[in-house]
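Below are the chains, spelled out letter by letter.
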Amino acid sequence: MKHRDPLADWETELHRELEALPELVAPPTLIPSVLKRIHAPAPWHRSAWWQWPMALRAASVGLVLAVLGALGWLGGSLGELGLAHQLAQTGAGLKDALVFANDLLGRLSGSAAAFWRPHGQIVLGATAALLLATYLTCVAAGTALYRLAWRRTL
Amino acid sequence: MSDPLQFEKFMRDYQNMVYSTAYRLLADPAEAEDISQEVFLRAYTHFDDLRRSPTIGGWLKTVTRNLCLTFLTRRRSRWKLFSEMDSGQEETTARFENQAGDPETTSQFLHDTDRREMLASELDKLPAAQRVALVLFHFHELSYDEIAAQLNVSLSKVKIDIHRARQTLRRRLEGSRQVLLS
Chain A
1 MKHRDPLADW ETELHRELEA LPELVAPPTL IPSVLKRIHA PAPWHRSAWW
51 QWPMALRAAS VGLVLAVLGA LGWLGGSLGE LGLAHQLAQT GAGLKDALVF
101 ANDLLGRLSG SAAAFWRPHG QIVLGATAAL LLATYLTCVA AGTALYRLAW
151 RRTL
Chain B
1 MSDPLQFEKF MRDYQNMVYS TAYRLLADPA EAEDISQEVF LRAYTHFDDL
51 RRSPTIGGWL KTVTRNLCLT FLTRRRSRWK LFSEMDSGQE ETTARFENQA
101 GDPETTSQFL HDTDRREMLA SELDKLPAAQ RVALVLFHFH ELSYDEIAAQ
151 LNVSLSKVKI DIHRARQTLR RRLEGSRQVL LS
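Going down the list, the protein sequences come from chains A and B. My numbering puts the first sequence at residues 1 to 154. My numbering puts the second sequence at residues 1 to 182.
The hints are simulated quantities; they were obtained by calculation from the structure and are not laboratory data. Values in this document were obtained by computation on a predicted structure and should not be read as measured data. Here a beta-carbon is modelled for each residue, glycine too, at the ideal position from N, C-alpha and C.
A partial selection of chain A residues facing chain B, derived with a Cβ cut-off under 10 Å:
| id | residue |
| --- | --- |
| 1 | Trp10 |
| 2 | Glu11 |
| 3 | His15 |
| 4 | Glu17 |
| 5 | Leu21 |
| 6 | Pro22 |
| 7 | Val25 |
| 8 | Ala26 |
| 9 | Thr29 |
| 10 | Val34 |
| 11 | Leu35 |
| 12 | Arg37 |
| 13 | Ile38 |
Covered stretches of chain B (in silico footprint by chain A; criterion: 3 or more residues with CB under 8 Å from a CB of chain A, positions within the stretch not fixed):
| id | stretch |
| --- | --- |
| 14 | 10-17 |
| 15 | 27-36 |
| 16 | 40-52 |
| 17 | 114-125 |
| 18 | 163-171 |
DEER-style ranges, computed between Cβ atoms:
| id | chain 1 | residue 1 | chain 2 | residue 2 | range |
| --- | --- | --- | --- | --- | --- |
| 19 | A | Trp44 | B | Asp124 | 39 to 47 Å |
| 20 | B | Thr73 | A | Arg46 | 21 to 29 Å |
| 21 | A | Ala59 | B | Lys9 | 42 to 50 Å |
Sequences and hints are given; from them, build the entire structure.
Written out as structure tokens, the structure is:
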């Protein structure tokens, strides 16, 4: 004798009934709303430049001219004030600083290697413990925040 | 450029399908209308290609579903929808399962004249996580795996939600039948 699974029967029945549910009638405001949004003019910042309002077009032209003028003036001033020479000197100073930094890093890494040999495992363990404690703190704080602040509002 | 008159006719033809799809997932008329608007605005930008496509209905349904799921996720309801198991809900479900009537009786009841209205009403009342999973399974015919991927939840969570949704519907419909008979 074949055993019927009541849950499977209900699933089949439910599927049939859900499929047979008629479509809902869309609200009458749907199509007018879509058409209104389609025909609404795009905001000026999303349209082409020549479609911007006249005042904004004039302002944008003025702004571009002002930026170009400022760049031209800056270029001329660099030449007159000898700023280019000063910048070159700054570059030479930068090179010396890089050489110094490289030397310092080399010394530091040597010291670190000397320290690591006897104390490496302790440092590693302490770092791992610190990371674990930080992680657990974050989880605990996040859980508390979620329960106290958000859960009540959902 | 799309012909406005043709697009209006296109909307008339598909508006109920799009709106129903959105409403089944969101269970909120205003939100469903908002999503429907977005779907048709997207359709408008692709209308020249879409109107010649034989799969236009499927395209609309997929876009509607994706927009609804994005909307649900952004609403932060995901915290509640897809990631937690409410203990109260478990108790309620257990009670439903204990009280669920004979499926054959329920099935007979479902052949009453107003059964579909009642089923649709009870579907709306389901918890969102259960409703969304059930709708994706039965209306969109997605597999459990596909639903889990779409909702970004575990497979077991999907199975539990759908199972509970079915049990809840079964119990509530049976309960409604008993009220009517008494």
